[in-house]
Amino acid sequence: MATGEKKPIPLEFEQPLAVLAQQIEALEVQLNDNPELEGDLERMQEQYRSLKRSLYTNLRPIDHLAIARHQQRPYTRDYLGHWDPNWIEMHGDRKGMDDAAMVCGLVQMDDLQVIVIGTQKGRAIKEKQQCNFGMPQPEGYRKALRLIKHAEKFGLPIVTLIDTPGAYPGLSAEEHNQAQAIAENLFELSAVTVPVVAAVTGEGGSGGALAIGVANRIIMLEHSVYSVISPEGCASILWRSNDKVSDACQAMKMTAREILNLGVIDEVVEEPLGGAHHDYAGAAANLKQALVKHLKELEDLGQKQGRDAIRRDRQNKFRLFGAHG
Amino acid sequence: MDLKEWFANRKNRKENKEVAKQPMPDEEYCALWTQCFQCREYLYTRDLRQNQLVCPKCHYHFRCGALDRIEYTADAGSFKEIDAEMQSSDPLNFIDTEAYPRRQEEASRKSGLKEAVITGVCTIGGNPCAIGCMDFGHFGGSMGSVVGEKVTRITEYAKQNHLPLIIVSSSGGARMQEGILSLMQLAKTSSALKDFSEAGGLYISLLSEPTFGGVTASFAMLGDVIIAEPGARIGFAGRRVIEQTIRQKLPSDFQTAEYLLKHGQVDMVVDRGQLKDRLASLIAFHARARTRSRAQAV
Ligand SMILES: [Zn+2]
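Which chain is which? The protein sequence lines are A and B, in order. Numbering of the first sequence is given in the working numbering, commencing with residue 3 and proceeding in unit increments. Numbering of the second sequence is given in the working numbering, commencing with residue 230 and proceeding in unit increments.
If we strip away everything but chain A, and leave its shape as in the complex, we get (with noise of 0.2 Å):
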């Protein structure tokens, strides 16, 4: 069984929802000996329903956090085994490592062959160490980058899905030149011809996310977050305490409506209620299809105005953010 048809865990600010849900089930085993227990019932269903919807509509920037990062949040492999079971996967950087964090593959989307890039959190204890807990090395970025090369060889449109804390802060992530890996991957991707969608699944953390997300379109998914800087991070530079996380994560304006409301992201993909690890299926239908559209118009435009034009719609679009004049 998947884990996202596991029953969901509650996070913190869901606390009172899991009370009263917890609250309806007592009622409903003495509702068979208490048949006039029924009115009560009903108001209590009424009432988990009426604060579910309350809950989930004012759900403050920290909340959304929250959900980003859920344990049984749908990452890269949930989504790409929901798309299509028999997609094949491309291994290593062809210069010495593999890295688990970074997974590439051959993928049939409805009719298009796309090229999926994402980065993979790892869900048990081993295989988030495998997957260095989401945090790609330079390797896994040149792993990407020879994918990316891949796709504009033989015309294959690219999907990055991003759910990383950020590239990894490591002695030989370094040694091995993270920002150059990171850099190149922005100088290369912004140049190909072959239309590039990326969704934002989980966490978008700063250069280690922007790395796969050089793209004609971005579309983040309702709950998710992308930043500049992780907020525990930058709690601890600008307010220099470690309780202000909060406050960090409203002054950055990370939610997927605030960004498009910025004018950064081309569209907010719905999840199902009270997030994507509620449900996987619906969480990878409602993505694939934001995906499977967004490429198509792309196509599009690729087929009335040449390759190229996909290259320049791409570079506009970052073209114009914070321009000047």
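Calculated directly from the structure, the hints in this document are not laboratory data. Possibly wrong hints are sitting among the right ones.
Claimed, not checked - Here's a subset of chain A near chain B, in silico, CB distances under 10 Å, partners left out: (1) ALA169; (2) ASN187; (3) ALA193; (4) VAL230; (5) LEU240; (6) ALA253.
Stated by the list, open to error - Partner residues aside, some chain A positions facing chain B, computed with beta carbon under 10 Å: (7) GLU186; (8) PHE189; (9) SER208; (10) VAL216; (11) CYS236; (12) ALA237; (13) TRP241; (14) VAL247; (15) ASP249; (16) GLU260; (17) ILE267; (18) VAL270; (19) GLY308.
Just so we're clear, the structure is a prediction, and the values are computed from it rather than from any experiment. Every residue gets a Cβ at the ideal spot worked out from N, C-alpha and C, and that includes glycine.
Model the placement of chain B with the ligand on the given structure of chain A, informed by the hints.
Chain B with the ligand only, in chain A's frame:
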């Protein structure tokens, strides 16, 4: 008066009211002297500046601001600034313990600059080029929208005018107060450099004390030639963050220019005193090659 004498005088002044009548106030006098961070020697500031902010005793390279850099690097009087008036807005209405516009004012008051990079054109050893110099003294050299825009514009200018491009980096990374828009500057500058590169432009990146985060992970690492200054600290993640993550002590020379050279990340480490000549040679060498290949094509 040498330094010992001055300290002796100051001591006397406290004890002796007559000496205290000296007209020069303490801070002003202290500004005349700079203590070397490395050898702890007291240096006469005027001499230090004449030596391009390099300690004459131990060769320590002091951090160099944008205006000083231009003075030491460009031919005298050749620099013309572009986009001098560009200033940041406050797209997020960002407030931490203070509002972002207030922090900007404070940064400008301290640095005397409008933003953390100065861009323009100049000649170096007679070779015309486009140049951008970052200044760590302004907002930690952080890259927000304006730094990204100015770097992008000077890159576009260099492409249009067929000039070699030199960017001197000195930065703590992306500017948090402009959030995701700061992050997007990494992509914007890299994309402009890709166009410049495909047009055959020569880009020389100089990494100076310190260069970190989003600046390293974008234009600083994209040079056709990458030069680092002696002792400069250069990296992606900060030393403290790495130590906390891997829970081990890092080598003492970790993330220095010399360490990067050893690990194949930069082409060369060049003393500040030799920098101008080296830049001129690099530009002239590539220009000669281009003239020759053009002549052959005809
Ligand atoms: Zn010294």
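Any hints this thing doesn't respect? Which numbers, in order?
Violated hints: 14, 18, 19; rest satisfied.
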